[in-house]
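Q: Next come the chains, spelled out residue by residue.
2 protein chains.
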Amino acid sequence: MPNPTAAMLVIGDEILSGRTRDSNMYHLAGKLAAKGIDLREVRMVPDVADTIVSALNELRAAYDHVFTSGGIGPTHDDITADCVARAFGVGIDVRADARAILASHYPGGAADLNPARLRMARIPDGAVLIENPVSKAPGFSMDNVHVMAGVPSVFEVMVESLLPTLTGGAPLLTENVRIDRGEGDIAGPLAEIDARFPQVAIGSYPVQRDGRFLVNIVLRSADRAALDAATNDVRALAE
Amino acid sequence: MPNPTAAMLVIGDEILSGRTRDSNMYHLAGKLAAKGIDLREVRMVPDVADTIVSALNELRAAYDHVFTSGGIGPTHDDITADCVARAFGVGIDVRADARAILASHYPGGAADLNPARLRMARIPDGAVLIENPVSKAPGFSMDNVHVMAGVPSVFEVMVESLLPTLTGGAPLLTENVRIDRGEGDIAGPLAEIDARFPQVAIGSYPVQRDGRFLVNIVLRSADRAALDAATNDVRALAE
Numbered sequence: 000m001p002n003p004t005a006a007m008l009v010i011g012d013e014i015l016s017g018r019t020r021d022s023n024m025y026h027l028a029g030k031l032a033a034k035g036i037d038l039r040e041v042r043m044v045p046d047v048a049d050t051i052v053s054a055l056n057e058l059r060a061a062y063d064h065v066f067t068s069g070g071i072g073p074t075h076d077d078i079t080a081d082c083v084a085r086a087f088g089v090g091i092d093v094r095a096d097a098r099a100i101l102a103s104h105y106p107g108g109a110a111d112l113n114p115a116r117l118r119m120a121r122i123p124d125g126a127v128l129i130e131n132p133v134s135k136a137p138g139f140s141m142d143n144v145h146v147m148a149g150v151p152s153v154f155e156v157m158v159e160s161l162l163p164t165l166t167g168g169a170p171l172l173t174e175n176v177r178i179d180r181g182e183g184d185i186a187g188p189l190a191e192i193d194a195r196f197p198q199v200a201i202g203s204y205p206v207q208r209d210g211r212f213l214v215n216i217v218l219r220s221a222d223r224a225a226l227d228a229a230t231n232d233v234r235a236l237a238e
Numbered sequence: 000m001p002n003p004t005a006a007m008l009v010i011g012d013e014i015l016s017g018r019t020r021d022s023n024m025y026h027l028a029g030k031l032a033a034k035g036i037d038l039r040e041v042r043m044v045p046d047v048a049d050t051i052v053s054a055l056n057e058l059r060a061a062y063d064h065v066f067t068s069g070g071i072g073p074t075h076d077d078i079t080a081d082c083v084a085r086a087f088g089v090g091i092d093v094r095a096d097a098r099a100i101l102a103s104h105y106p107g108g109a110a111d112l113n114p115a116r117l118r119m120a121r122i123p124d125g126a127v128l129i130e131n132p133v134s135k136a137p138g139f140s141m142d143n144v145h146v147m148a149g150v151p152s153v154f155e156v157m158v159e160s161l162l163p164t165l166t167g168g169a170p171l172l173t174e175n176v177r178i179d180r181g182e183g184d185i186a187g188p189l190a191e192i193d194a195r196f197p198q199v200a201i202g203s204y205p206v207q208r209d210g211r212f213l214v215n216i217v218l219r220s221a222d223r224a225a226l227d228a229a230t231n232d233v234r235a236l237a238e
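In order, the protein sequence lines correspond to chains P and V.
Oh and the first sequence: position 185 is 184 in numbering that gives the first Met the number 0, straight run, nothing missing.
Oh and the second sequence: position 141 is 140 in numbering that gives the first Met the number 0, straight run, nothing missing.
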């Protein structure tokens, strides 16, 4: 059975304006590879409702899972939960369980929940909460769309809460071969190896070291025997 | 006149598999903001021709510029130039000027250009070359699609070569206000300021410091007077 597929939607003006360097995509990509869920596409979009809604609808139709980051805080630019409700055509309101979880984060409890903070307890009808041990305000899964915070420390604990609830596939096995030659010298034989092993994905990544270009060959497969055979052939290129 | 708009297409299995942390998107985003070109969307896709071609066609129709990174080296997984030719419905072949530039990089000149290296001189019909002072192999602009390398040191010099040839708009002016309060405490008055200044984009970004949440307010506008007035109002929230 093929692995489940996934897309990620990174939401936030601060990413596209160059103010903030996103780290959530790289974090999630590594976790999904280990889980055997194939990340096939990432989109980064601004805090614009129509853009978010149409990206959500395209991605959730095309992939088994959609993971989002950003836009679930208490301020005016936090519109992700409303966009998810719109994308699914369901209602959204403050939910009692989310409200209680949120209240537990504040010294004064529910009395500290002003209207802005209460926004963080607005959950689309039918969603399942994602736990947030860091700052309580929960994420949620609406069908195959998993909605998480943009702050990396919070995003990461939400991923930890969520991933064990998802069914993974065969984790991708990886081998690396560093070759101390230019990429152009090995491209021909490398293409032949790639053609011989259709079940192994072979990537070639030049790196600059001390002014020279070397190449890292990365081989990936869920099939250990094929991976080992292809890796041996690639190693022979280094000699 | 509104600023030109742009999208970026990051191409490469290594990004989606979590092996490589992309840095080109963050680099380009900062350069475009300074140039007055509004980056509106980023997509990251694998080395799959159909996916690349359809992303190229969607993005080049929707935005004034499309910047791509990755997939223009000499190996079998370097398929970006062919995908651009397919997306535009034009031919692609080794071009004499690109071949000469490439030959200048090797000690043996043109004699060192084996078939794999010659792939890097294949340019879609009608494209304009983008200079690469680091490793010679050029990028190219095909209409509004600007094709650059994935290796960060090469991507960055190609951006330096390309950007002066593009027409920018009003650079985005930015002000930052750090507020030592929780986001939920200021969200209400912040939304009022945001509503009063439609020409200023106001973002609210919580950060964790020593176990507490503070908030960075970022105000962005091309209008200096409006930006200053809104910034003053936001500063008053800190008191």
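It is possible that some hints are incorrect.
Copies of one chain are not kept apart here, so a pair can be met inside one copy or by any two copies together.
With a Cα cut of at most 20 Å, we get these calculated SDA-like pairs of lysine to any residue [unchecked claim]:
1. LYS135 / PRO114
2. LYS135 / GLN207
3. LYS135 / SER103
4. LYS135 / VAL206
Note that these hints are calculated values from the structure, not bench results.
Q: Taking the hints in turn, state whether each one holds.
A: Status of the hints after comparison with the structure:
no.	hint	in the structure
1	LYS135 / PRO114	within (17 Å within a copy, 58 Å between copies)
2	LYS135 / GLN207	between (44 Å within a copy, 14 Å between copies)
3	LYS135 / SER103	within (8 Å within a copy, 59 Å between copies)
4	LYS135 / VAL206	between (42 Å within a copy, 15 Å between copies)
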